[in-house]
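> Fit chain B to the known structure of chain A by using the hints.
Residue numbers (the numbering used here), protein chains in the order written: chain A, 1 to 147; chain B, 148 to 281.
Please keep in mind that the hints were generated in silico from the structure rather than gathered at the bench.
Hints may be right or wrong, so weigh each one.
As the list claims (entries may be wrong) - Which chain A residues face chain B? A few, computed with CB under 8 Å, are given here:
#: 1; residue: N5
#: 2; residue: A10
#: 3; residue: G72
#: 4; residue: S134
#: 5; residue: A135
#: 6; residue: Q141
#: 7; residue: G146
Said to hold, decoys possible - Below 25 Å or equal to it, Euclidean Cα-Cα: the simulated SDA-like pairs (lysine to any residue) are:
#: 8; chain 1: B; residue 1: K154; chain 2: B; residue 2: I278
#: 9; chain 1: A; residue 1: K136; chain 2: B; residue 2: L158
#: 10; chain 1: B; residue 1: K154; chain 2: B; residue 2: R279
#: 11; chain 1: B; residue 1: K270; chain 2: A; residue 2: Q141
Beta carbons are placed, not taken as given, at the ideal position from N, Cα and C, and that holds for glycine.
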Amino acid sequence: MSLLNVFDIAGSGMSAQTVRMNTVSSNIANAESVSSNTDQTYRAREPIFKAQLQAAMSGQPFDFSAKQLDMGGGVQVQGIVESDAPLQMRYEPHHPMADDNGYVSYPNVNVVEEMANMISASRAFQTNVDVMSSAKTMMQQVLSLGR
Amino acid sequence: MAISIDKHIGLYQHALELRSQRANVLANNIANADTPGYKARDIDFQQMLKVRMGETADIVPVESTSANHFIAIPQADTITGLKYRNPTQPAIDGNTVDAQAEKTEFARNTMEYQAAFEFLNGKVKSLMSAIRGD
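Only chain A is shown next, with the shape it has when bound in the complex (with noise of 0.2 Å):
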């Protein structure tokens, strides 16, 4: 029945949209941690998703001389990158961790940034909860057939 699929793929988009909420949390807690080395400052981080095959999911291969269609199984994270964006470095030379300049390296975390990033994923999270639901009250219904 391919409305079990529904589920996962729902779940899916949810448990990526959780991953992405957990790098902005993440991010946003570290936005002040200052450090005097570049090199140890904390940077932005975020996740990649990617499209995945229902075949990849089920494990078997692909047949694509029947009739049955890949509709996707919704989405994976690939991986989670560092932001390539350049430091802040703030002249504060009472700072205690201000290197020899006097510069101190903060983290290159755009908060504004990561308070769009959260609201979008936790929008998506649950429209990924609608879909969910709705593809329970379909089976549901379909286990009261005859009744």
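Below, chain B without anything else, positioned relative to chain A:
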């Protein structure tokens, strides 16, 4: 006289299955709303139902002037019925999912699924009452 249950409930069975497959495709679009480069897809319901019911999909008639010509057969995408959506405003990362449109289609598909189910349920119920004889 042979009673064919298949013929009795045939259409709604296929409709229900197609509706659930379409729910799959739409859920996949929604799940990939933030995936760069993802292209939204949908099922051509009418054509798919025709194929399922054993009718051939609409084939463009091609005149053949030689017996050696191939007969026009439906292409792969007319068999599967999976097509790409025509985006009104694609995102800069190549994603063509319009979350609102997909949500609307999903809700509509759910309602149509429920309608098909009601018809199927009615058919099954009428069979049951015929069997019981009340």
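> The structure should be examined with respect to each hint, and the outcome stated for every one.
Here is what the structure says about each hint:
{"no.": "1", "hint": "N5", "result": "holds, 5 Å"}
{"no.": "2", "hint": "A10", "result": "holds, 5 Å"}
{"no.": "3", "hint": "G72", "result": "holds, 4 Å"}
{"no.": "4", "hint": "S134", "result": "holds, 5 Å"}
{"no.": "5", "hint": "A135", "result": "holds, 6 Å"}
{"no.": "6", "hint": "Q141", "result": "holds, 5 Å"}
{"no.": "7", "hint": "G146", "result": "holds, 5 Å"}
{"no.": "8", "hint": "K154/B <-> I278/B", "result": "holds, 17 Å"}
{"no.": "9", "hint": "K136/A <-> L158/B", "result": "holds, 23 Å"}
{"no.": "10", "hint": "K154/B <-> R279/B", "result": "holds, 20 Å"}
{"no.": "11", "hint": "K270/B <-> Q141/A", "result": "holds, 15 Å"}
In the structure shown, no violation is registered for any of the earlier numbered hints.
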